[in-house]
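**Q** Fit chains C, G, U, X and F with the ligands to the given chain S structure using the hints.
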Amino acid sequence: MPKAVLNGSDLAWMMTATALVLLMTPALGFFYGGMAGHKNVLNTMLMSMTTLGFSLVAWALVGYSLAFSAGNALLGDLRWVMLNGVNLAPGQALSPTIAPVIYMAFQATFAVITTALVSGGIVGRMSFRAYLAFITLWIVCVYAPIAHWVWGGGWLGSLGALDFAGGTVVHVNAGVAALVAALVVGNRKDYGRQAFVPGNVPFVLLGAALLWFGWFGFNGGSAAASNGLAALAFTNTFLAPAGTMVVWALLDLRRVGKVTAIGAASAIVVGLVVITPASGFVPPIWGLVMGGLGALPSYFAMQWRARLPVDESLDVFAGHAVGGATGAILTGVFAVKAWNTVQNGLIAGNAAQVLTQALAVAGAAAYSALGTFVLLKVIGLVLPLQAGRAEQASGMDITQHGEEAYATGEGAVLVLPEVGAEPRLETVRAQA
Amino acid sequence: MPKAVLNGSDLAWMMTATALVLLMTPALGFFYGGMAGHKNVLNTMLMSMTTLGFSLVAWALVGYSLAFSAGNALLGDLRWVMLNGVNLAPGQALSPTIAPVIYMAFQATFAVITTALVSGGIVGRMSFRAYLAFITLWIVCVYAPIAHWVWGGGWLGSLGALDFAGGTVVHVNAGVAALVAALVVGNRKDYGRQAFVPGNVPFVLLGAALLWFGWFGFNGGSAAASNGLAALAFTNTFLAPAGTMVVWALLDLRRVGKVTAIGAASAIVVGLVVITPASGFVPPIWGLVMGGLGALPSYFAMQWRARLPVDESLDVFAGHAVGGATGAILTGVFAVKAWNTVQNGLIAGNAAQVLTQALAVAGAAAYSALGTFVLLKVIGLVLPLQAGRAEQASGMDITQHGEEAYATGEGAVLVLPEVGAEPRLETVRAQA
Amino acid sequence: MPKAVLNGSDLAWMMTATALVLLMTPALGFFYGGMAGHKNVLNTMLMSMTTLGFSLVAWALVGYSLAFSAGNALLGDLRWVMLNGVNLAPGQALSPTIAPVIYMAFQATFAVITTALVSGGIVGRMSFRAYLAFITLWIVCVYAPIAHWVWGGGWLGSLGALDFAGGTVVHVNAGVAALVAALVVGNRKDYGRQAFVPGNVPFVLLGAALLWFGWFGFNGGSAAASNGLAALAFTNTFLAPAGTMVVWALLDLRRVGKVTAIGAASAIVVGLVVITPASGFVPPIWGLVMGGLGALPSYFAMQWRARLPVDESLDVFAGHAVGGATGAILTGVFAVKAWNTVQNGLIAGNAAQVLTQALAVAGAAAYSALGTFVLLKVIGLVLPLQAGRAEQASGMDITQHGEEAYATGEGAVLVLPEVGAEPRLETVRAQA
Amino acid sequence: MKLIIAIIRPERVNEVLEALYRAEVRGLSLSRVQGHGGELEHTETYRGTTVKIGLTEKVRFEIGVSDHFVEPTIRAIMLAARTGEVGDGKIFVLPVDKIYRIRTGEQDSAAVTPVMVS
Amino acid sequence: MKLIIAIIRPERVNEVLEALYRAEVRGLSLSRVQGHGGELEHTETYRGTTVKIGLTEKVRFEIGVSDHFVEPTIRAIMLAARTGEVGDGKIFVLPVDKIYRIRTGEQDSAAVTPVMVS
Amino acid sequence: MKLIIAIIRPERVNEVLEALYRAEVRGLSLSRVQGHGGELEHTETYRGTTVKIGLTEKVRFEIGVSDHFVEPTIRAIMLAARTGEVGDGKIFVLPVDKIYRIRTGEQDSAAVTPVMVS
Ligand SMILES: Nc1ncnc2c1ncn2[C@@H]1O[C@H](COP(=O)(O)OP(=O)(O)O)[C@@H](O)[C@H]1O
Ligand SMILES: Nc1ncnc2c1ncn2[C@@H]1O[C@H](COP(=O)(O)OP(=O)(O)O)[C@@H](O)[C@H]1O
Ligand SMILES: Nc1ncnc2c1ncn2[C@@H]1O[C@H](COP(=O)(O)OP(=O)(O)O)[C@@H](O)[C@H]1O
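Top line first, the protein sequences correspond to chains S, C, G, U, X and F. If you use numbering that gives the first Met the number 0, the first sequence closes out at 431, no skipped numbers anywhere. If you use numbering that gives the first Met the number 0, the second sequence closes out at 431, no skipped numbers anywhere. If you use numbering that gives the first Met the number 0, the third sequence closes out at 431, no skipped numbers anywhere. If you use numbering that gives the first Met the number 0, the fourth sequence closes out at 117, no skipped numbers anywhere. If you use numbering that gives the first Met the number 0, the fifth sequence closes out at 117, no skipped numbers anywhere. If you use numbering that gives the first Met the number 0, the sixth sequence closes out at 117, no skipped numbers anywhere.
Everything labelled a hint here was simulated from the structure, so no lab data went into it. A portion of the hints provided could be inaccurate.
[As the list claims (entries may be wrong)] Heads up, simulated SDA-like pairs for lysine to any residue below, C-alpha to C-alpha not over 20 Å straight-line:
| id | chain 1 | residue 1 | chain 2 | residue 2 |
| --- | --- | --- | --- | --- |
| 1 | F | K97 | U | D66 |
| 2 | C | K336 | C | V288 |
| 3 | U | K51 | S | T407 |
| 4 | C | K376 | C | A365 |
[Claimed, not checked] Chain S regions said to be covered by chain G (calculated; three or more residues, Cβ under 8 Å):
| id | region |
| --- | --- |
| 5 | 13-19 |
| 6 | 256-269 |
| 7 | 378-389 |
Cβ atoms here follow ideal geometry from the backbone N, Cα and C, with glycine treated the same way.
Isolated chain S, as found in the complex (with noise of 0.2 Å):
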């Protein structure tokens, strides 16, 4: 075997691409903290920021290397633990041309924002603490062995699933996720009481641009390197948010006579959604129709999830898991070996590709809800997984954060910072 060389190409662009998926979590913080209401919206953007931290260490430490080492068929081995081994060297298995480093990075951004997305399933509620602590594990005991699954040499790649940057491993995986929590935490206690109004629409649009930005990076990244599969990875995800937002305006006239500005950011985001495992396999033009396909399910699927008791209301599950299993079926369809050099899908005469797929989409959905009920219940023996019912009417905000989003200053009063120390400023008034 020939010394495998660092190709500056293809590491120039894993780095933008890595670059760009890193911007996403933060990005969906904003597409989660408009649809907030305006006392939770801190308290929503914090849930996708703190991934940044607590769950990209756990992964750094620990989450990489049973994802992506070799390992058996379910979980990887310890060998890169504490990122030992993880160096500048190219020609490992899954990115030969570039450093293992930032082989590592990207797929940290990939664990790091699926575990950031099941946070809109619990909004308004949960305990920060138990948050922590949740994300901190998930993201180890849940996403890396689907990861491993799929990616990392385990039973569903060997059976031949094709989940090209992640329907099943990120958005099916996040989505039951996201029901699962938003059931195990329990409802808003207003919840059904009281309407639930977008506190910050321009926020969600951005969050659903900067998404769609570093989407680019998400698809265009999982070919490793910077050749023709990226290119059409790139060009799907350019393709198919425009078919779905069209099919989603479409629906909305229909229904309500207008289209709407949520509506637009969530058809852009499913649209991410759909082409996401499809995205190196289908030919440009299939990949448009996906995105105007794509839309039917979701759409139903929020309509239908605003008539349920369950808390789950900024519909990861409509737009992720329902998002993500549309993608993964109709990537059995749609896949054609000329473009993809690697297998055909039902219109190209495979069929069982078809099954192979919903296989992947059982799978991941029955480990992803079963390791984040475990979860969760063991954390709510040790912690109180949900706000008490005044900490919520006061918002999450000012109660788990001691912040406002938009404060004008009338009535603030500066006190030292220490404990017990006296007041600097003689406007301190005491308590009444």
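**A** For chains C, G, U, X and F with the ligands alone, coordinates are given in the frame of chain S:
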């Protein structure tokens, strides 16, 4: 002819550039949306966002072929309709070293943002259904022909007009179309009776910043490769807006004694517009000078526009048509063959180039005006172009989209999604 | 010597990196602007934005040559003044494989953001004219010499000080200058009598997210190529802030029982600052550890600063000077030659490096303090440095810029642009 | 005629609106205010700075009623806004000299009697 | 002396300000409120959720006037704020015991008489 | 009982809150308003458009007090809010018929007497 090979560096840069330019359209939504009043912010943002659906699909299916396939001097042919033949094999004339799908996507981002730019001319009043029809058709009927004339092998390119990244194709075109649209759609009902003050200036700054960021892809990517030409275009894109901002700030200081945020944001955009046609043709020091000079026509055009009775309040004409024409003409002045290997301009001894440039501006402007006018008149036969007085007074966000940008949720009562269904909550109050 | 050839991969990465770093300056505007009160948000944002005009032009015309041309141990010469000789031909010592124009642009982004960082020390009070004079001169008189000392062939570089991407040149320098500026310009008039609460915390998070995103270009681009060194710097930039965020959150939990959004945003920035000098010198696992350790000095410096009577309220000193010094020293501790091919640090047996690092910090800090002090005193002879009490009370947005960040438009009446002209509308009310 | 001003908790707004609706009170205006009373102050921490927030978010109702509507309106608000915790708020009843309906020029009681559309 | 409270449509604010200016009413304060009256409610749709918005944006004027200014002030508001559509709003006239100008300590009518600067 | 309405400068809010606290006035509500009076108007410029902003930001206090608290309350506000420049604002004292404390149903003076917790 040797078989074309995909160049990884060129591809990496062009994928990056395409992602960057895609981001410009939502960025424009924030730039425009922040200048709109607080009752029209979502409507204004959606005008940009929806071009990423409707216009993009129209471009992929039809527009690209009409613009970039050989055809004749006026229009391309239909060979690439429905993305037929747009594949991964390098060797295309305009982008020999990268996958054709990426060149299609790159050019799509140009077409889309040009369309979105036009929306600045009709903020706060256009019926949204008519708008969707307009942007779907405009990209095919107006943008595609002009792009073909200059870049696709049409008559303006053959005449030797220099337009590196779209001074005439994008900016003169969009600016003229916005003015015509403002005239055909008509003024807002309370225009001239009401002062329209920007509702969210930080969004304007955010939009301008992201536009600049994206514009590196716009101009730098117009080399279709990662080479010296790209580096030149990139550097000019870096320097020119700085020059514009300095001159603009000094003009503002002289006129009103104050540097303004809207001024700084406008200056960035105008500087970028001015340098766009020149970016790959002029040496960096001239790029900086062009940025500074380019401030003047647009600055004074904005002063003058404010006294006209036409409601083109976001100054797309003053910024883009005037700025684009300035840039196109100055390209004919400052081009230096030693840097661009193509052509000299006036100061390097080729005075005739200035005339060629002026001709290209005039040709694009004339067709843009005519095409936009006819298109809107035709749409106006089928759909009302302008929303009613009461709808405008209540704000386009609520009346066109059924949403509010920033809501606190007071008095919001949940009802069941199905038409005719019983309200779910007892708190639903009947209509008095 | 073989003729230098332009390397497409290196160029692609460096153009990407330059665009990323440019974005950091507006990002800083949001980071700072969100922390400012709601009456000073535009003023604070404009302080960052205008460095992209005034400072950038000064850098391109003069500063670059002074910093990066050979000159002597203290300062470069004038050979590249007015961009003379800054062309497309590769082969320059510091960036052998890319076009010199891109290296100039890349370095310009560093100089500009360093200048913008200083503005954090004087928010809410500095007269804007004096500020513009300050940033135009500071980049030339203070930044350029220090950059020359470390990177341009000056005495600190010759001594063997390690500063991969600007721990001393950028962060110690900016942090010290901000503190000096706060002292020379003086406190806000109501400092200590009024609690300043952040007016828009989501903007702080947005700023921090975009800073992290851009910082990949900052550190990764400091390799001036797409190679293993870039990959190492990139990966450390990825890991360190995660470590900082975890430690910071735990400190916040211990002190106030709550994880805060301002804390998370601050931690990201501090982590990035700390890793900046080390990013190309230390193995990733040490990068992660450095991020965690680096939280401590800045965290406690912020606690301590809050009790001082100096109005350096955005904590540029605690974040950047303390963080930059921490990073510089720790670089001397954790550097490993096997990874960086340059030098070992303390733990790899080269204890002396720590001293060299400390010397570089001290040298940069001393010159920065002196230069900033003299410069402001000189400007203060010509222009008042601080706006008046009434102007500060009304807010700097209205008094310095004649704009409001968020306006509803009530009571706003249109008048004609020309001075002395008759009001256009009858609704203009005369002055009571 | 009276003008009833009620300061209540934001989280009780929908309950109060509903109670007023049942009490057949159709016209009202409301706005966000910040209140100080016996509520516990909370602190916010921004880096090294601790800030005591002495004001709590409240919603202020303003309802013009004819005399025989005063009692039912107050009763409706009292019941719907009460949680029993400190901070439930206050009601003020102010005398009013005159009320006009801008649309029609109707005055006093007629001005606050809802038009029966349906 | 009276305190005149007027709830009007946001889009009529500038007209009302102008009319008050012509009526020589110089001092006033205004704020945004949300109102409920006979207006049609509108619905907003967020994904699968439909929300009925029962409140409409209004602007509230508060004007302290001496007695002989009551009539002209009301007339000015009535004319400038009226569109004839449901939702034009209400005016309340409240008795006032005392008015002070904070700057000078002047009381009652003197407190609301504009200082003639120019 | 009276309802005291005071319109003051935003930058004096903390001083007024402190003065009221010293005057043992514990309950109050405040909100942002925009005022017009004798203040200088300022202009804003957006590109070619110049806009005259005739309204200034103010803060409105609303304080229900029993009769013997009227004087101290007014004195406290007057002193703390005064700068001597045009635009310091106004105080209105309105008669009140009735006050209720929502939490307990207490009425009138009892309703505005702070509960002594500590
Ligand atoms: N005297 C008052 N005048 C105006 N508003 C008041 C007054 N007292 C209380 N409020 C308002 O009522 C709110 C709750 O009052 P508080 O005295 O804390 O509760 P409670 O009535 O339960 O004792 C305060 O936040 C304030 O908005
Ligand atoms: N009784 C009332 N008390 C206080 N505000 C009222 C009252 N009735 C109406 N309003 C205010 O006036 C606005 C318009 O009132 P509405 O009754 O719908 O219109 P109209 O007076 O044209 O019949 C409402 O949105 C509300 O803000
Ligand atoms: N008659 C009035 N009714 C209601 N508010 C008033 C009245 N006059 C003044 N104000 C409020 O007081 C503020 C300052 O008043 P102004 O007359 O300018 O100052 P001064 O009392 O110092 O002469 C105004 O901005 C407005 O908010």
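**Q** Give a verdict on every hint.
**A** Going down the list of hints, with the structure as the test:
1. For the suggested pair K97 (chain F) and D66 (chain U), the alpha carbons sit about 13 Å apart, so the restraint of at most 20 Å is met.
2. Proposed proximity of K336 (chain C) and V288 (chain C) is supported: the alpha carbons are some 18 Å apart, at most 20 Å.
3. With a C-alpha separation of about 14 Å, the suggested pairing of K51 (chain U) with T407 (chain S) holds against the 20 Å cut-off.
4. In summary, the hint linking K376 (chain C) to A365 (chain C) is supported, as the alpha carbons are separated by about 17 Å, within the 20 Å threshold.
5. Restraint check on the region 13-19 of chain S versus chain G: 4 residues with Cβ-Cβ distances below 8 Å, three needed, restraint holds.
6. Counting residues of the region 256-269 of chain S whose beta carbon lies closer than 8 Å to any beta carbon of chain G gives 0, which falls short of the minimum of three for the stated coverage.
7. Counting residues of the region 378-389 of chain S whose beta carbon lies closer than 8 Å to any beta carbon of chain G gives 0, which falls below the threshold of three, so the coverage claim is violated.
Hints 6, 7 from the list above are not met by this structure, while the remaining hints are.
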